[in-house]
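A.B. asks: Since the structure of chain A is provided, determine the placement of chain B on it from the hints.
Protein chains in written order, with the working numbering: chain A, 1 to 109; chain B, 1 to 114.
I should point out that these hints are in silico values taken from the structure, not numbers from a laboratory.
A portion of the hints provided could be inaccurate.
As the list claims (entries may be wrong) - Quick list of in silico lysine-lysine cross-link-like pairs, DSS-like style, CA-CA up to 27 Å:
hint: 1; chain 1: A; residue 1: K70; chain 2: B; residue 2: K101
hint: 2; chain 1: A; residue 1: K3; chain 2: B; residue 2: K61
hint: 3; chain 1: A; residue 1: K3; chain 2: B; residue 2: K49
To be verified - Covered stretches of chain B, going by a simulated chain A footprint (3 or more residues, C-beta under 8 Å):
hint: 4; segment: 43-49
hint: 5; segment: 104-112
Ideal placement from N, C-alpha and C gives every residue a C-beta, glycine not left out.
Chain by chain, the residues:
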Amino acid sequence: DVKVTQSSRYLVKRTGEKVFLECVQDMDHENMFWYRQDPGLGLRLIYFSYDVKMKEKGDIPEGYSVSREKKERFSLILESASTNQTSMYLCASSFGEQFFGPGTRLTVL
Amino acid sequence: AQSVTQPDIHITVSEGASLELRCNYSYGATPYLFWYVQSPGQGLQLLLKYFSGDTLVQGIKGFEAEFKRSQSSFNLRKPSVHWSDAAEYFCAVAPMDSSYKLIFGSGTRLLVRP
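With the rest of the complex left out, here is chain A (with noise of 0.2 Å):
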């Protein structure tokens, strides 16, 4: 059964603090996705990577970076964390259709 699956469910930070969302296929798809949801918006792009090291921005990529060292892992890296990166992320991976993992609700003080 196809999974995608992140590291955490609810994640509460502080301004200013490393913040690392993992996420994990295991489908051994090519491209991979960092999304943010917020209400009234839907989703939004944040970053997308294409192969291992390979890398594009989306649509809202400020204020974060992506890491892709593996086929299976992709982490999304807010880097100095603040209020308004409080929001739901999710992760997924495709080929052709899109598999989402169960989000991450991030909360930051």
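C.D. replies: This is chain B only, laid out in the frame that chain A set:
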């Protein structure tokens, strides 16, 4: 710029009633079209997709959607709603030249009245 509009933020229907969720897109050519569902606390699950061919697409859980090129619409329908259908529904499009890059609508939250 490409965009997806879901004009209804909330919809409430009675269990057993029919359902239609609206989706309009703005794009120069016919894109790939998708409907996803998100149950509370869950990630998104693909209900159905349209790439080409028959404009009436069948999906999982008894859902269907119809692509109307002249109206730039891809509305989701279900003839009889079940309480378990209460969730948030997202329409998404992807340009044909980069089918991996989805653009999402803002979502419609479906409430089901017993």
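A.B. asks: All hints are to be evaluated individually against the structure, with a verdict given for each.
C.D. replies: Cross-check of the supplied hints:
For a cut-off of 27 Å, the pair hint linking K70/A to K101/B stands: about 21 Å separates their Cα positions. The hinted pair formed by K3/A and K61/B meets the criterion: a straight-line CA distance of about 20 Å does not exceed 27 Å. Straight-line distance between C-alpha atoms of K3/A and K49/B comes to about 20 Å, which keeps the hinted pair within the 27 Å bound. Chain A is given as covering the segment 43-49 of chain B, and this holds because 5 residues of the stretch bring a CB closer than 8 Å to a CB of that chain, at least three being needed.
Residues of the segment 104-112 of chain B lying with their CB closer than 8 Å to a CB of chain A number 4, which satisfies the three-residue condition for coverage.
Violation of the numbered hints given earlier is absent; every hint is satisfied by the structure.
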